[in-house]
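Sequence order for the protein chains is A and B. Here the first sequence stands for residues 62 to 306, where the numbers follow our numbering. Here the second sequence stands for residues 259 to 601, where the numbers follow our numbering.
A hint or two may mislead.
[As the list claims (entries may be wrong)] A short, non-exhaustive set of chain A residues, derived as facing chain B with CB atoms under 8 Å:
#, residue
1, Tyr67
2, Tyr70
3, Leu72
4, Trp145
5, Arg150
6, Leu154
7, Ser155
8, Arg157
9, Arg161
[Claimed, not checked] Quick look at which bits of chain B chain A covers, simulated, 3 or more residues with Cβ under 8 Å:
#, region
10, 366–373
11, 538–548
[What the hints assert, rightly or not] Simulated coverage check for chain B against chain A, where a stretch passes if three residues somewhere in it have a Cβ under 8 Å from a Cβ of chain A:
#, region
12, 327–339
13, 379–392
Hints in this document: simulated from the structure, not taken from any laboratory. Virtual Cβ for every residue (Gly too), placed ideally from N, Cα, C.
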Amino acid sequence: MNSLVYTRYELLRTLRNRRFFLLSLGFPLILFFAIAGPNRNVHNFDKSGISSPLYYMVGMAAFGTMSAMFSCGGRIAAERAVGWNRQLRITPLSPRSYFRVKVITGYMMAIISLLALYLAGTSLGVRLGASEWLEMTGLILVGLIPFAALGILIGHMLTPDSTGPAMGGGISLLALLGGVYFPLGHHGFLPELAQYIPSYWLVQASHVAIGGHAWPAKGWIVMFAWTVVLSVLAGRAYRSDTGRV
Amino acid sequence: MSLSSPPAPSISPVARSGGIELAGLTKSFASPQGVVRAVRGIDVSIASGETVALLGPNGAGKSTTIDMLLGLLDPDAGTVSVFGRPPTHAVAEGAVGGMLQTGQLIRDLSVRELVTMMASLYPAPLDVEETLELAGVSEIAAQRTNKLSGGQTQRVRLAVALVSDAELLVLDEPTVALDVEGRQAFWGTMRAFAARGKTVLFATHYLEEADAYADRAVLMAHGRIVADGPTNEIKAMVGTRTIRATLPDVQSDALAALPGVSGAERRGELATLSCTDSDAAIRALLSEYPDARDIEITAAGLEEAFLELTADGAEEHAPAGLPPGSPPDAETGRNEQATEARR
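From just these sequences and the hints, can you work out the full model?
Shown next as structure tokens:
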């Protein structure tokens, strides 16, 4: 068994699906240019001392990578709908390899989305030091782990026609609570709640480059807890999902 | 059991370690109409290298049985053993290839790429080009999987099953989407594969397919096995015709004694004869009772034959039904009983 061959074709398949590719990549880019474009000369966004393009580049990086992981769930749901998942289950492909390839595919999409946004940001004048780019990228990649599990979980729970609304709504809510669109402030219920939501820490990760802090212990614990819970749920959903859809 | 299988040099060590054993398999599902007892205690054993048809009308429990055989579904009771191990182990070792009843292909790959991708999952797959040739999809190997016709899709699905080169090949109603020509080509491929010493189990509701391509047929209806034997015996059992005629003043016993007739019943002036050989029966009927009129000969469809074999009507009154694994008793008086109950 050669899982490299399998992984290669799975990646190729994802890249070839143009509609999927353009939508999952295009949306954060369009949002970025729509919001940051007209404000490209705002150098002190919301009195934060950073430029508007920089703020929205990192916000959309969180949004785009999160969407990429979610879209992995949409693809799983679509495969299940045509009976392909059952076909895979009667091959020697182990659940572990299956998950691994799905996660790799999600990460590939996330990285492409990230690079596209970095390029877009640079085109609007964003400049960061090498260590800032690296630290931000590293933390975002770690912060995506619970979303990878979440993608697999929805993929095995929902049907293709319900993944649309579930993902659209889920991403919007997580983005809002994470502070993608605007800073949540520091007082009151919302910022308090946000600290227990994985997207908050994902956005924090992207904010490292704009003077935010790397995760404190609380951030690591919250992310770890979500990863464990979502992975267990995803594994359970996968195991109970052997029937004909 | 496996000891009695013919020692063919092409049978691998995997297959030698035992055939397929289904013992006391039972599976029920909850549905809005109540509990559906899809499989009600079946026992089947298949030797390595055998080609077996699982024959039955829709809703007989064939797909549920196959899902349990493949480890996709856990039985409520009973055991499945594939070459001496649980089905999930056999699947993990690459000893099973399958084509499920429903299913399309994933998109955005060419036929060749898809088959290559699936081949990479098996420890000792067939050569991809050879598989494409065998399944008759070489000409469309460069086409995208989402641009294929229904028949082409079905053949590519077969290629995906064949490339495993697995010891056991399971096909759930593989020819449903195919036309007559497609069917013949399909079974030609299957024969070539089976000739390599592989064990093949396929589900079908076409008696002709079972007859032409299997060594043995296992008949299922209502979640039970109603007959299990060489296909020619099964064919004789279910390939019956019925003669109806208006024929006053003759006892049904006398009619049942006619050559080629396995059972007879009367309802008023109308006599109904179940025939094993309707040609002989009609000759005898006309020579002995020339005043028979309104004669009608109908071929009992498989569906109908199944109903007779399973005494469907009688079951309504005795839901406990047959004990698991009870022998088929097609040629008994239950035929008449069933005919009666259908009215």
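Checked hints:
| no. | hint | verdict |
| --- | --- | --- |
| 1 | Tyr67 | holds (5 Å) |
| 2 | Tyr70 | holds (4 Å) |
| 3 | Leu72 | violated (11 Å) |
| 4 | Trp145 | holds (5 Å) |
| 5 | Arg150 | holds (6 Å) |
| 6 | Leu154 | holds (5 Å) |
| 7 | Ser155 | holds (7 Å) |
| 8 | Arg157 | violated (11 Å) |
| 9 | Arg161 | violated (13 Å) |
| 10 | 366–373 | holds (count 4) |
| 11 | 538–548 | violated (count 0) |
| 12 | 327–339 | holds (count 4) |
| 13 | 379–392 | holds (count 3) |
Figure legend: structure checked against the earlier numbered hints; hints not met, in rising order: 3, 8, 9 and 11.
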